[in-house]
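2 protein chains.
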Amino acid sequence: MTATPVLSASLTAIAGLRCKECGTEYAAQATHVCEMCFGPLEVKYDYAKIKRNVSREKIQSGPHSIWRYKDFLPVESDHPIDVGTGMTPLIKANRLAQHLGLKNLYIKNDAVNMPTLSFKDRVVSVALTRARELGFSTVSCASTGNLANSTAAIAAHAGLDCCVFIPADLEAGKVLGTLIYNPTLMAVNGNYDQVNRLCSEVANTHGWGFVNINLRPYYSEGSKTLAYEVAEQLDWQLPDHVVAPLASGSLFTKIYKGFREFVEVGLVEDKAVRFSGAQAAGCNPIATAFKQGRDFITPVKPDTVAKSLAIGNPADGVYALELARKTNGNIEDVTDAEIIDAMKLLAETEGIFTETAGGTTIATLKKLVEAGKISPDETTVVYITGNGLKTQEAVHGKIGAPLTIEPQLESFEQALKQAQPLDQLGKQPVLA
Amino acid sequence: MTATPVLSASLTAIAGLRCKECGTEYAAQATHVCEMCFGPLEVKYDYAKIKRNVSREKIQSGPHSIWRYKDFLPVESDHPIDVGTGMTPLIKANRLAQHLGLKNLYIKNDAVNMPTLSFKDRVVSVALTRARELGFSTVSCASTGNLANSTAAIAAHAGLDCCVFIPADLEAGKVLGTLIYNPTLMAVNGNYDQVNRLCSEVANTHGWGFVNINLRPYYSEGSKTLAYEVAEQLDWQLPDHVVAPLASGSLFTKIYKGFREFVEVGLVEDKAVRFSGAQAAGCNPIATAFKQGRDFITPVKPDTVAKSLAIGNPADGVYALELARKTNGNIEDVTDAEIIDAMKLLAETEGIFTETAGGTTIATLKKLVEAGKISPDETTVVYITGNGLKTQEAVHGKIGAPLTIEPQLESFEQALKQAQPLDQLGKQPVLA
Numbered sequence: 000m001t002a003t004p005v006l007s008a009s010l011t012a013i014a015g016l017r018c019k020e021c022g023t024e025y026a027a028q029a030t031h032v033c034e035m036c037f038g039p040l041e042v043k044y045d046y047a048k049i050k051r052n053v054s055r056e057k058i059q060s061g062p063h064s065i066w067r068y069k070d071f072l073p074v075e076s077d078h079p080i081d082v083g084t085g086m087t088p089l090i091k092a093n094r095l096a097q098h099l100g101l102k103n104l105y106i107k108n109d110a111v112n113m114p115t116l117s118f119k120d121r122v123v124s125v126a127l128t129r130a131r132e133l134g135f136s137t138v139s140c141a142s143t144g145n146l147a148n149s150t151a152a153i154a155a156h157a158g159l160d161c162c163v164f165i166p167a168d169l170e171a172g173k174v175l176g177t178l179i180y181n182p183t184l185m186a187v188n189g190n191y192d193q194v195n196r197l198c199s200e201v202a203n204t205h206g207w208g209f210v211n212i213n214l215r216p217y218y219s220e221g222s223k224t225l226a227y228e229v230a231e232q233l234d235w236q237l238p239d240h241v242v243a244p245l246a247s248g249s250l251f252t253k254i255y256k257g258f259r260e261f262v263e264v265g266l267v268e269d270k271a272v273r274f275s276g277a278q279a280a281g282c283n284p285i286a287t288a289f290k291q292g293r294d295f296i297t298p299v300k301p302d303t304v305a306k307s308l309a310i311g312n313p314a315d316g317v318y319a320l321e322l323a324r325k326t327n328g329n330i331e332d333v334t335d336a337e338i339i340d341a342m343k344l345l346a347e348t349e350g351i352f353t354e355t356a357g358g359t360t361i362a363t364l365k366k367l368v369e370a371g372k373i374s375p376d377e378t379t380v381v382y383i384t385g386n387g388l389k390t391q392e393a394v395h396g397k398i399g400a401p402l403t404i405e406p407q408l409e410s411f412e413q414a415l416k417q418a419q420p421l422d423q424l425g426k427q428p429v430l431a
Numbered sequence: 000m001t002a003t004p005v006l007s008a009s010l011t012a013i014a015g016l017r018c019k020e021c022g023t024e025y026a027a028q029a030t031h032v033c034e035m036c037f038g039p040l041e042v043k044y045d046y047a048k049i050k051r052n053v054s055r056e057k058i059q060s061g062p063h064s065i066w067r068y069k070d071f072l073p074v075e076s077d078h079p080i081d082v083g084t085g086m087t088p089l090i091k092a093n094r095l096a097q098h099l100g101l102k103n104l105y106i107k108n109d110a111v112n113m114p115t116l117s118f119k120d121r122v123v124s125v126a127l128t129r130a131r132e133l134g135f136s137t138v139s140c141a142s143t144g145n146l147a148n149s150t151a152a153i154a155a156h157a158g159l160d161c162c163v164f165i166p167a168d169l170e171a172g173k174v175l176g177t178l179i180y181n182p183t184l185m186a187v188n189g190n191y192d193q194v195n196r197l198c199s200e201v202a203n204t205h206g207w208g209f210v211n212i213n214l215r216p217y218y219s220e221g222s223k224t225l226a227y228e229v230a231e232q233l234d235w236q237l238p239d240h241v242v243a244p245l246a247s248g249s250l251f252t253k254i255y256k257g258f259r260e261f262v263e264v265g266l267v268e269d270k271a272v273r274f275s276g277a278q279a280a281g282c283n284p285i286a287t288a289f290k291q292g293r294d295f296i297t298p299v300k301p302d303t304v305a306k307s308l309a310i311g312n313p314a315d316g317v318y319a320l321e322l323a324r325k326t327n328g329n330i331e332d333v334t335d336a337e338i339i340d341a342m343k344l345l346a347e348t349e350g351i352f353t354e355t356a357g358g359t360t361i362a363t364l365k366k367l368v369e370a371g372k373i374s375p376d377e378t379t380v381v382y383i384t385g386n387g388l389k390t391q392e393a394v395h396g397k398i399g400a401p402l403t404i405e406p407q408l409e410s411f412e413q414a415l416k417q418a419q420p421l422d423q424l425g426k427q428p429v430l431a
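These protein sequence lines map, in sequence, to chains A and B.
Counting in numbering that gives the first Met the number 0, the first sequence runs from 0 upward without gaps.
Counting in numbering that gives the first Met the number 0, the second sequence runs from 0 upward without gaps.
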């Protein structure tokens, strides 16, 4: 199956690719590393052109998906792959806020993102749209799980062939949630960093579009929509403080880029936003560098329940580090036990079942609040990036069990007496 | 915790409850059975009042959730419980359509409904909003799984105490996806019909709001939003044919009611819509009655992989039966093997991972098309009602396995040779 590139250069604000380190410029093709300095390439835009094109009204009358922000995304086609991705709820988390002693807490809930229930649907929708424009018929990725789900699903919808690479020890839900779409699935005996290295080699030898390797400049731009949506959902204002998980560090820096772009084109007023990052203690290379005051990252061997964050050698780690420092934010890490407790806390107070990555973020939020590093009055937005149904083993056996009864009233009454007293049923003990 | 009822009778079009059988009228309280004839009660509206209140523009400028249709829903509060439920994508399913030989096929995808990934979030959002208005502080339900997830999650968000009843043999994902919200969870040694009977007794002896028993008249109205959204998403037109799953039969009849209401108040033009229903062969009381030309339902003992549809004695079965007949539709049943195959087909062609109930609906669609009972030209909308991550055991071992490799290029190349040839990678064999 060969895709036909649909190009309409005059309609797009893509001005090419540019090296983040030395500034060398490249055409907007499938390439991601600077030939001069080996720095990462990033998409460059003509912001004056974007500014002439966009308005709050135009965005609001667009589709209810990430594609309402198409003017800011690195695609040219008038028909991007749109399966309803994005525009997830920004929930005012009053019960969690009360528990933590905060006043203005919001959850950006990508645990219900479409179609595969993680923020990866954003980056993959952009990457596969661009892959089709560039003529790729086979797409691929190196994944800790969520990206595999998303690439396989959206490739299936778009009719693109798909080959996905994962570490062999992934959670069952993430393996099955990829296989169901019938891609070629390669389970690699190694950690994510080894999978990623292998994929770089494959990208060089096969003509495939790897969403997070040779298509990475386009792919990573999809995360900016997490910033745009929050700004729009806060009635065209920026928050005071953002708390987000750190794996490669890309999402974190792209949220910042999204906010800056909205300021640049005049959609929101300028404002200082603090950026705080969350890592698991079992994979905390960025948090360690932050705490030790270093400006370089020492890779680690991941060992944490938060497998979707288990990147020991984070590609955008130094940029995440810089960002937390320059915005007066923090980077914290939390234990596996704190992660599980935070997953339960979020579910019990807000009805949101997140995966271990979300537990990491909520546990970090809690730790930062307790340390006085987030003030009660700050408008704080916490990014929840994936769904708990994919990492069921993490909480299995740690959330109690049903009370088994016979289908008779007496059996029920007896069980109810053994349960918590009625006036303590449910969530109140958590809030006490 | 006691909720304060917020009543504003003058703002609502609720005119009370009315018996579906004998027409006796009641006040809009927590009651569901007619004292005269034991018929089911339904909410009665003042449609003239609704007609004066609504317009396409008003709806479009409302929230992006079921609450944009609040004028048609049986609640009085200006602040309904809104966690982003509803407005799920209506996907033009071109690849599945091509496979089946259809031209205008749409999937209404409630596998990504918020917050708990099934259509039940619609009915529970309405029921718990009404429960709060009526002063209930503890809410409950009898569930085949999805309803348990939804009631526990939305009760947690709203701060309501919650006690949930399920059959003890449910899928692990549905049990865990309830426990995480920390309700009191009663697992009953029996099938759904036994659970339901027990709950009716508990509803009589405890002052709890059972969403699908004493609050059922309000609860069931939430399903009408599946009709409103499709009509709006089809640019304010009705489809030609609807295919939906049948458990109690309630959803099926409420989609019809929703379409009729939109016609009644002038939001869409009148049109004949055919209604076809889907059941599993292992729990097919309505399909059997349809095929045998009977106008009564003989209860069955369920034995099917589609546990969320396993209601052997469906409360609204006769109404579903009547509806399929009077609209020139059909009711079909499919085997467990056909259900699994259809889950895979939907995933491979459209990137949608549905639970067994959705497999039942797609398998039924296929069967009806093959039998010439759906014409290629009909605009057909298929309702997918839940997510595949909740019923993983159904497909476990039936969707292949990953190719396990070492993190070296040679190992990958070797595995790739053993896999399907590149030009057959992915989805093309399915479409051949």
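Hints in this document: simulated from the structure, not taken from any laboratory.
Please note: incorrect hints may appear among the correct ones.
The list treats identical chains as interchangeable, and a pair is accepted whether it falls inside one copy or across any two copies.
[Unchecked claim] Simulated pairs of lysine to aspartate or glutamate, DMTMM-like, Cα-Cα distance not exceeding 25 Å:
#	residue 1	residue 2
1	K256	D269
2	K300	D239
3	K19	E200
4	K48	E369
5	K102	E34
6	K57	D234
7	K365	D302
8	K325	E200
9	K57	E231
Hint by hint, here is what the structure shows:
Taking the shortest alpha-carbon separations for K256 and D269, only the intra-copy value of 13 Å comes in at or below 25 Å, while the best inter-copy value is 49 Å. For the homomeric pair K300 and D239, neither the shortest alpha-carbon distance inside one copy (34 Å) nor that between copies (57 Å) is at most 25 Å. For the identical chains of this complex, K19 and E200 are intra-copy neighbours only, at 23 Å inside a copy versus 67 Å across copies, given an alpha-carbon limit of 25 Å. Neither within a single protomer nor between protomers do K48 and E369 lie at most 25 Å apart by alpha-carbon distance, with minima of 45 Å and 52 Å respectively.
Neither within a single protomer nor between protomers do K102 and E34 lie at most 25 Å apart by alpha-carbon distance, with minima of 49 Å and 49 Å respectively. Taking identical chains as interchangeable, the C-alpha atoms of K57 and D234 lie at most 25 Å apart whether they share a chain (15 Å) or sit on different chains (19 Å). Taking identical chains as interchangeable, the C-alpha atoms of K365 and D302 lie at most 25 Å apart only when both belong to the same chain, with a minimum of 22 Å there against 46 Å between chains. For a Cα distance limit of 25 Å, the shortest separation of K325 from E200 qualifies neither inside one copy, at 35 Å, nor across copies, at 62 Å.
Within a single copy, K57 and E231 get their C-alpha atoms as close as 12 Å, and across copies as close as 20 Å, so both meet the 25 Å cut-off.
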